[in-house]
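Protein chains in written order, with this note's numbering: chain C, 1 to 243; chain Z, 1 to 267.
What the hints contain is simulated information worked out from the structure, not anything from laboratory work.
All C-beta atoms, glycine included, are put in the ideal place defined by N, C-alpha and C.
The following residues of chain Z were derived to be distant from chain C, with all beta-carbon distances above 12 Å:
1) W44
2) I45
3) F133
4) L196
Label-pair ranges, simulated between beta-carbon atoms:
5) Z:P165 with C:T70: 31 to 39 Å
6) C:A215 with Z:E231: 34 to 42 Å
7) C:A215 with Z:L73: 19 to 27 Å
8) Z:P197 with C:E141: 29 to 37 Å
9) Z:W131 with C:G201: 19 to 27 Å
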Amino acid sequence: MLIDYQSMSLWELLAFNSPGWGGALLSGLALSLQIAVLGYFFGLIIGLFGAIGKLSQNLLLTDLLYCYTTAVRAIPELVLILLIYFALPNVINDVLYSFGFDGVEINGFFAGVLVIAFVQGAYATEVIRASIAAIPKGQIEAAHAFAIPKYKILYRIMIPSMIPHALPGLSNLWLIATKDTALLAVVGLTELTLAAKQAAGASKQQLTFLLAAGALYLLVSLLSEVLFKYLIKRTEKGQTHGS
Amino acid sequence: MGHETARKTRYLFGIRWLFPHRMILLVLLCLLVFSLVTKLDWYWIAEYKSAILSAVWKTILLLVSTFIVGFILAVPIGLVQVTGPRPLAMVAHSFCSIIRGTPLLLQIWIFYYGFGSVFPEIEGIRESFIWPFLTSAWPYAFFALTLSVMAYEGEVLRGALSGVPKGELEAAKAMGMKPFKILTRIWLPRAIQRTLPIIGGEVIIQLKATPLVATITIIDTYAIFSNIRLETYIVYEPLLLMTLIYLILAGAVTLIFTFLERQYKNR
Numbered sequence: 001m002l003i004d005y006q007s008m009s010l011w012e013l014l015a016f017n018s019p020g021w022g023g024a025l026l027s028g029l030a031l032s033l034q035i036a037v038l039g040y041f042f043g044l045i046i047g048l049f050g051a052i053g054k055l056s057q058n059l060l061l062t063d064l065l066y067c068y069t070t071a072v073r074a075i076p077e078l079v080l081i082l083l084i085y086f087a088l089p090n091v092i093n094d095v096l097y098s099f100g101f102d103g104v105e106i107n108g109f110f111a112g113v114l115v116i117a118f119v120q121g122a123y124a125t126e127v128i129r130a131s132i133a134a135i136p137k138g139q140i141e142a143a144h145a146f147a148i149p150k151y152k153i154l155y156r157i158m159i160p161s162m163i164p165h166a167l168p169g170l171s172n173l174w175l176i177a178t179k180d181t182a183l184l185a186v187v188g189l190t191e192l193t194l195a196a197k198q199a200a201g202a203s204k205q206q207l208t209f210l211l212a213a214g215a216l217y218l219l220v221s222l223l224s225e226v227l228f229k230y231l232i233k234r235t236e237k238g239q240t241h242g243s
Numbered sequence: 001m002g003h004e005t006a007r008k009t010r011y012l013f014g015i016r017w018l019f020p021h022r023m024i025l026l027v028l029l030c031l032l033v034f035s036l037v038t039k040l041d042w043y044w045i046a047e048y049k050s051a052i053l054s055a056v057w058k059t060i061l062l063l064v065s066t067f068i069v070g071f072i073l074a075v076p077i078g079l080v081q082v083t084g085p086r087p088l089a090m091v092a093h094s095f096c097s098i099i100r101g102t103p104l105l106l107q108i109w110i111f112y113y114g115f116g117s118v119f120p121e122i123e124g125i126r127e128s129f130i131w132p133f134l135t136s137a138w139p140y141a142f143f144a145l146t147l148s149v150m151a152y153e154g155e156v157l158r159g160a161l162s163g164v165p166k167g168e169l170e171a172a173k174a175m176g177m178k179p180f181k182i183l184t185r186i187w188l189p190r191a192i193q194r195t196l197p198i199i200g201g202e203v204i205i206q207l208k209a210t211p212l213v214a215t216i217t218i219i220d221t222y223a224i225f226s227n228i229r230l231e232t233y234i235v236y237e238p239l240l241l242m243t244l245i246y247l248i249l250a251g252a253v254t255l256i257f258t259f260l261e262r263q264y265k266n267r
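One chain only, chain Z, in its complex shape (with noise of 0.2 Å):
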């Protein structure tokens, strides 16, 4: 027990902070921190805090939302392609190869204003339920960013499923499993279980995609950001605090992951 304890003591977060030159470091960061934080103008961060929470609060949703609905998506994206009918599987190929060989900010414009452009020309779309959805921003927004998750997904999920032992879905087969019961019970739990830490590496590429909503009106961390520079004429200070923030969401992204593989680990 008292071997423990002095284990951890030593590890925090796994890493091992009682060498010298890492106390030098610490220190040293510790010293910048409190130069940033003294010497340069922090005044505008009272006058934008109810904006600036709301906007990392967009992110947050917009990064969970997208990547839940793309990653449920994506379930039949990857299986089609491990035992799917041979014209689906290519379907399912070719929508992932078209999707991962293009610039996602490509995507979002062609969206916005590509599509954005064409829709006002269907006859009696302007009077239909759908039109104020199709004249804001953010339906385009998640459209896009959902359509990256599942063909990113679908590709890491057809490795995952095609990964997971035969035997055991055999033995699912042979108690009487129902092929969709196979599925949600075993095939599924156990390649995503198997892929949890590529799964959170994907969360945080999702998480640095989505500044680029930004760029179609949408104000999120990114944007809330640039109005401040704009507006204060501030140049480091707002993008030492936007790069913080997402330094901040990426490692709580990190610790989540971890949780989570710990607590479902390979037994």
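Excised from the complex, chain C in its bound form (with noise of 0.2 Å):
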């Protein structure tokens, strides 16, 4: 079945259902915001595990820590999403087969969180870090006087204090993960851009699809500053300026 793109109108093409192809374009958004998620989230854990071992007295970790921020920062993503997809897997099977195992699929989502999670640690490493570092020496020193246990100086006294001086950089990082989540598409995931690339190709309309995928996401970009505008005064209330 031949569809006439050519006579529709933009609001025909952008229609939700076919044959407009506006829901094949916030599916793939969906997808995009779903990897951007998941990726944030573990990079984040990533990194409060990274900062928290960086700033520890183990020489042997900070070293190794060391080697992977630079690394990441080093290494093109695109070039991190080929070793993911193809390399990894092949290594796990590999060792799995060496053992007798059969061997694991990874699938494109998984493969897509590993990459974004894997590049976030990196930098949320060295945001935190230096978040961390910015706490008076003395509140943990106190907290260390009252015998509090380390996890519970971790979630009680660091991250809480910590938080301001971090959510700037933190929000840079989510705007680099929704942006990177683009990258995917060529291993072919179809999130949001390669969402608009197939409908681009396959209507011939190239311009209005590629746009509209920019517009979805530079709406994402300018609702996730406001939201962390907001965020970053609500956690700056009560906190001393210049001191």
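The two chains are supplied separately, each in an independent frame; assemble them into the complex guided by the hints.
The structure is reproduced here in structure tokens:
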């Protein structure tokens, strides 16, 4: 069945149901956001433990973490995606076969989350390390003096007092995470960018759909900026400046 | 003097290597590299050597040219946001927001596939002298990467220009310098000098963005290794060599900027 896309208006092209491609774009956006949220979340967890490791007295751990953050900051995300998408499953399966297990298959969604989390983890390590270092030493020492257990110091004192310092950096990281999901188009995951490309190719209305995807990305980043600005303002309440 | 040399031998690239665990890590790294070199297949390197070198050269050329052109064009964008009339500042600000708020891959595709499909419909464009440019891929890649540098560096320069102490500019004015001369002799050099570390980081980010042009048929480092993977059916080795090449390029950028920072230290 051939559809005459040339004679359709903009709103017909972007309509939610077929033959419009709006629904495909929105489900691509949903996939992008899912990957971004999960990758960001796991990246923050990696970053938190990475920062604690980097600030620890363990020389080996700090060196290994230094290698991790330096490597991620130097290797293009596109190359990391290839490494995790193609090389990692091969390595895992080789190891599994040599132990006599069956191979596993890493699906696109999982690999995408893995890549984003791996990249975000490295950047988040740096952001969180700097914000933990900005907490006045006396607070932590006071907590130690009260014999508060270490894990409790972490979640009752260190994390709450580090958040105001970390939020601007973390908001930047979230924007990077949403934009990095677009790279997964290269390995064939139908997130927003590839969905737009497919719609563009099928309808021969290249500019319309690619610009529509751009508008959606812009909307997401503008909304996130507003949200983070609100959060920053909220956490800054009661903080003393310039002291 | 003797103290100086002793310090120099213990520190190389600002890192102290003589901790026991670092020596063990280095030995392990050497073993890993040795086993990778001997165990894996590297016969294809001889065959593709010239192609790889020209592709790496293309990556470097793309990085340097887009960054320099983009940076020069970013100066007015940063400037109007600091001093300019309000409407111009708003235009510059929204330009930055739009470019920074959308993925670079999508921008490259918008220019190459989107505008590239609109151009042929313009009357008489096929006979004009710009048609050969519009049908090849590199102008689109250059344009998209330059725009991206403009937006990001415009934002960096906005902060840098407003961070230059007011007194220095007033002193220049008191000396009778014309506004343009103040900009090129005092304001801009001081702003760049103070933000050199940030600019170095931005160059590396731009280096990491260059492989995206492989998606619009430009044969850069990333694309040549994809071709090698497809032609030889070898999975790991090209990926490892490509990773190594990008690591070396990023290391070179870091070294250059460390040198520049030392050269133009804040005195």
